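What follows is each chain in one-letter form.
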Amino acid sequence: DVKVTQSSRYLVKRTGEKVFLECVQDMDHENMFWYRQDPGLGLRLIYFSYDVKMKEKGDIPEGYSVSREKKERFSLILESASTNQTSMYLCASSLFGELYEQYFGPGTRLTVT
Amino acid sequence: AQSVAQPEDQVNVAEGNPLTVKCTYSVSGNPYLFWYVQYPNRGLQFLLKYITGDNLVKGSYGFEAEFNKSQTSFHLKKPSALVSDSALYFCAVRGIGAGKSTFGDGTTLTVKP
Numbered sequence: 001d002v003k004v005t006q007s008s009r010y011l012v013k014r015t016g017e018k019v020f021l022e023c024v025q026d027m028d029h030e031n032m033f034w035y036r037q038d039p040g041l042g043l044r045l046i047y048f049s050y051d052v053k054m055k056e057k058g059d060i061p062e063g064y065s066v067s068r069e070k071k072e073r074f075s076l077i078l079e080s081a082s083t084n085q086t087s088m089y090l091c092a093s094s095l096f097g098e099l100y101e102q103y104f105g106p107g108t109r110l111t112v113t
Numbered sequence: 001a002q003s004v005a006q007p008e009d010q011v012n013v014a015e016g017n018p019l020t021v022k023c024t025y026s027v028s029g030n031p032y033l034f035w036y037v038q039y040p041n042r043g044l045q046f047l048l049k050y051i052t053g054d055n056l057v058k059g060s061y062g063f064e065a066e067f068n069k070s071q072t073s074f075h076l077k078k079p080s081a082l083v084s085d086s087a088l089y090f091c092a093v094r095g096i097g098a099g100k101s102t103f104g105d106g107t108t109l110t111v112k113p
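Heads up: the protein sequence lines correspond to chains X and B, in order. Every letter in the first sequence is one number past the one before it in the numbering used here, and letter 13, counting from 1, is 13. Every letter in the second sequence is one number past the one before it in the numbering used here, and letter 59, counting from 1, is 59.
Looking at chain X on its own, in the form it has when it is part of the complex (with noise of 0.2 Å):
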C-alpha cells in the first residue's frame, strides 16, 4: 500500500513565524502535491511537484513556497504564517500521468494566532 505521510496532524503557529509541513511518500511516485481544504472550497492546490528540484504553482500560491530535495519528500514552507493561513493542509503523491489516482496524506490542521 501506498503510504503518505506528513510530518505533523496539528499545529499551533504565531503570526510572522516561518513555518514548515514535510511531506514523504514510500512509493517512488513522480508526483506530488500540497492542497489546503477549507470548509465550503473544498480542495484547492496550491503548488505541485513532477521531478525533484521542479514545481508548479496551483491555483493559491501567494505566500506559499515549496521544495523537493529528494524524490519521496515535498515541503510546504510558509514564509511569514498569516491568520488567513489557518486551515486543513493534504499532501498527496501519484505516478506521472493525468489517468492516475491519488494517495493523500492524513492532513495537518495549522493554526495561526
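Treat the hints with care, as some may be off.
Unchecked claim - Covered stretches of chain B, as calculated for chain X (at least 3 residues, CB under 8 Å):
| hint | region |
| --- | --- |
| 1 | 45-52 |
| 2 | 77-85 |
| 3 | 104-110 |
Claimed, not checked - Short derived list, chain X residues pointing at chain B, Cβ under 8 Å:
| hint | residue |
| --- | --- |
| 4 | G16 |
| 5 | G40 |
| 6 | L45 |
| 7 | E56 |
| 8 | G58 |
| 9 | P61 |
| 10 | E62 |
| 11 | G63 |
| 12 | L90 |
| 13 | L95 |
| 14 | E98 |
| 15 | Y103 |
Don't read these hints as lab results, they were simulated from the structure. These numbers come from a predicted model, not from an experiment. The beta-carbon is built from N, C-alpha and C at its ideal position, and this holds for glycine as well.
Add chain B to chain X, keeping to what the hints say.
Frame of chain X; chain B shown alone:
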C-alpha cells in the same frame, strides 16, 4: 480550463436505500474522472476512476459511478447505503495534458439508520 460542480452540499438517505452523489464537469477533450471519500478525521481515499471504455465504473466499498458524456456527468451511486458510508465525497476531473486535477467543493453524505 477544467472545472467540476457538485451541486448538492448535503445528501441525506436512509440506510438500505440507494444513494446518488452528483458531479458534472467541464474539460477540453476527453476527461479523466475520479471520486474520493473523506471519512471523519481522516485523509482522502481514492474510490474509483473513469479513464475510458465502459461507462459504468465499479470501485471500492460497493460504489459505482456512471460516466455520461452527453450530460458531462459522473454521478456516484450505491444500490444500498450503509450508515458507515456517511462521509465527505469529492469529485475530480483532469483533462489530457493537464498538469493537475480540479476538485469539486465536496458533498456531505449522511446515512441515517
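Restraint outcome when G63 of chain X is required to lie within 8 Å of chain B by C-beta distance: 19 Å, violated
Minimum beta-carbon distance criterion (8 Å), P61 of chain X to chain B: 12 Å, violated
Interface hint status, E56 of chain X versus chain B (Cβ within 8 Å): Since chain B brings a Cβ to about 6 Å from E56 of chain X, closer than 8 Å, the hint holds.
Verdict on chain X covering the region 104-110 of chain B, where coverage means 3 or more residues with a C-beta closer than 8 Å: Result for this restraint: holds, n = 3.
Satisfaction of the Y103 of chain X interface hint, Cβ to chain B closer than 8 Å: 7 Å, holds
Proposed interface contact between G16 of chain X and chain B, which counts if any beta carbon pair is under 8 Å: Status violated, d = 29 Å.
Residue hint L95 of chain X, partner chain B, criterion CB-CB below 8 Å: 12 Å, violated
Closest C-beta approach of G40 of chain X to chain B relative to 8 Å, hint status: 6 Å, holds
Interface hint for G58 of chain X, Cβ within 8 Å of any Cβ on chain B: 6 Å, holds
Restraint satisfaction for L45 of chain X [CB to CB of chain B, less than 8 Å]: Nearest chain B Cβ about 6 Å off; hint holds.
Claimed coverage, the region 77-85 of chain B by chain X - three or more beta carbons nearer than 8 Å: The restraint on the region 77-85 of chain B is violated, since only 0 of its residues have a Cβ under 8 Å from chain X and three are required.
When the least beta-carbon distance from L90 of chain X to chain B is tested against 8 Å, hint result: OK, holds: L90 of chain X within 8 Å of chain B, min 7 Å.
Consistency note: the structure conflicts with the earlier hints numbered 2, 4, 9, 10, 11, 13.
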